[in-house]
Amino acid sequence: MLDSPICKILGIKYPVFQGGMAWVANASLASAVSEAGGLGIIAAMNSNGEQLREEIRKCKKLTDKPFGVNIMLMSPFASEVAKVVAEEKIPVVTTGAGNPSVYMKDWTDAGIKVIPVVPSTAIAKMVEKRGAAAVIAEGGESGGHIGEIHTMALVPQVVDAVNIPVIAAGGIADGRGMAAAFMLGACGVQMGTRFLVADECTVHDNFKEKVLNAKDIDTIVTGKRLGHPCRSLKNKFSKEFFSKEYDMTVSNEELEKFGTGALRRAVVEGDIDTGSLLCGEIAGLVKERMSCKDIITSVTDECEKLLRGGAKWVK
Amino acid sequence: MKEKIISIIAEYQGKDASEITSDQTFADMGLDSLDIAELVIQIEDALNVSIEVSPELNTIDKLVEYIESK
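Each protein sequence line maps, in turn, to chains A and B. Counting from 1, position 80 in the first sequence corresponds to residue 80 in our numbering; the numbering is continuous, with no gaps. Counting from 1, position 48 in the second sequence corresponds to residue 48 in our numbering; the numbering is continuous, with no gaps.
Note that these hints are calculated values from the structure, not bench results. Take the hints with a grain of salt, since some may be wrong.
To be verified - Here are the computed lysine-lysine pairs in the BS3-like style, where the Cα-Cα straight-line distance is at most 30 angstroms:
#1 A:Lys315 x B:Lys70
#2 B:Lys62 x A:Lys105
#3 A:Lys129 x B:Lys15
#4 A:Lys105 x B:Lys4
#5 B:Lys4 x A:Lys129
#6 A:Lys61 x A:Lys8
#7 A:Lys129 x B:Lys62
#8 A:Lys129 x B:Lys2
Put together the whole structure using the sequences plus the hints.
Below, the structure written as structure tokens:
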């Protein structure tokens, strides 16, 4: 059995978080992960307060285990959903795409454990100072919005920079990745892409098939020009976005407009040509559909076995 | 205080303090959100203050005004 301080802090069985993927991380997926002993997370993405409240209440009906909400700070409804998580007494809030400092006092006053996703040591230190319970150090291997530093380099530096638990994310999909994260000093992992193909994940089957058939070289990063780099699978949409990005006759507004609605098209409609198939570099390793329970069991069992076998490298 | 902030930013960018303009936006100075976080940590430690980062706080002048108003 793996032992990690984050399990005691959050009241979960396994130190495994499910990433707060926009349009994907809903009550169905989050409740299944929490029921399996990990930390399920609902993505607030661009929902308004009442839409998020509805999803939270759905999740509460499906599980009585702790689950979290991920708040995307770039959302026009960020301040509205920030209030809803406190009203609904959500035990854990993770944040992404911005600096959560402005909301942290209200959340910590409400007893919420705030665990921001951080792309650098400075941001990790900043949120620690403002009361973060832990941080998720997410490397650029991950899917969706990404930072510039990669997991192998980022995690140990964040571990050294702060005195709170660090969760590793980006490029982790099996027990080997999890064991490596522990060796880098993390005390848990967050996985997105692996849960994208879980049985309880309601993402369109066409999207799941694309992930299951992906190879190591099949992802691409777009959006650097707009200041919001994003990793997705290569397809008609992402290749066209990429070429428009380097076409100076295309304005930033036109580029933003081109990307609008693309994730929804992929996740909900299963449009694998003009939709945005956000997922991480580790997609090439994800070959099997499983329930969330089986995913968590197989990843943690493999991790435990590897950690126990670590002595074989020492004479 | 302003001089201290300018010297921290100048050192961070490998420039002379005279090259830093206090009404220029951080973005125009070539600083992104990661740079700003790094600088905020340094400025907080140097001046023993707490700074709530926001998009409106985008020049040295505005930062000085914000710290003085606290």
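Hint check results:
Proposed proximity of A:Lys315 and B:Lys70 is contradicted: the alpha carbons are some 59 angstroms apart, above 30 angstroms. For the suggested pair B:Lys62 and A:Lys105, the alpha carbons sit about 23 angstroms apart, so the restraint of at most 30 angstroms is met. Between A:Lys129 and B:Lys15, the direct Cα distance comes to roughly 29 angstroms. Compliance with the 30 angstroms bound is thereby established for this hinted pair. With a CA separation close to 28 angstroms, the supplied pair A:Lys105 and B:Lys4 stays within the 30 angstroms bound.
Of the pairs offered as hints, the one joining B:Lys4 and A:Lys129 holds, with about 22 angstroms between alpha carbons and a cut-off of 30 angstroms not exceeded. Between A:Lys61 and A:Lys8 the CA atoms are separated by roughly 24 angstroms; this keeps the pair inside 30 angstroms, and the hint holds. Distance restraint check for A:Lys129 and B:Lys62: the Cα-Cα separation of roughly 23 angstroms lies within the 30 angstroms cut-off, and the hinted pair is therefore satisfied. With a CA separation close to 24 angstroms, the supplied pair A:Lys129 and B:Lys2 stays within the 30 angstroms bound.
Figure legend: structure checked against the earlier numbered hints; the only hint not met is number 1.
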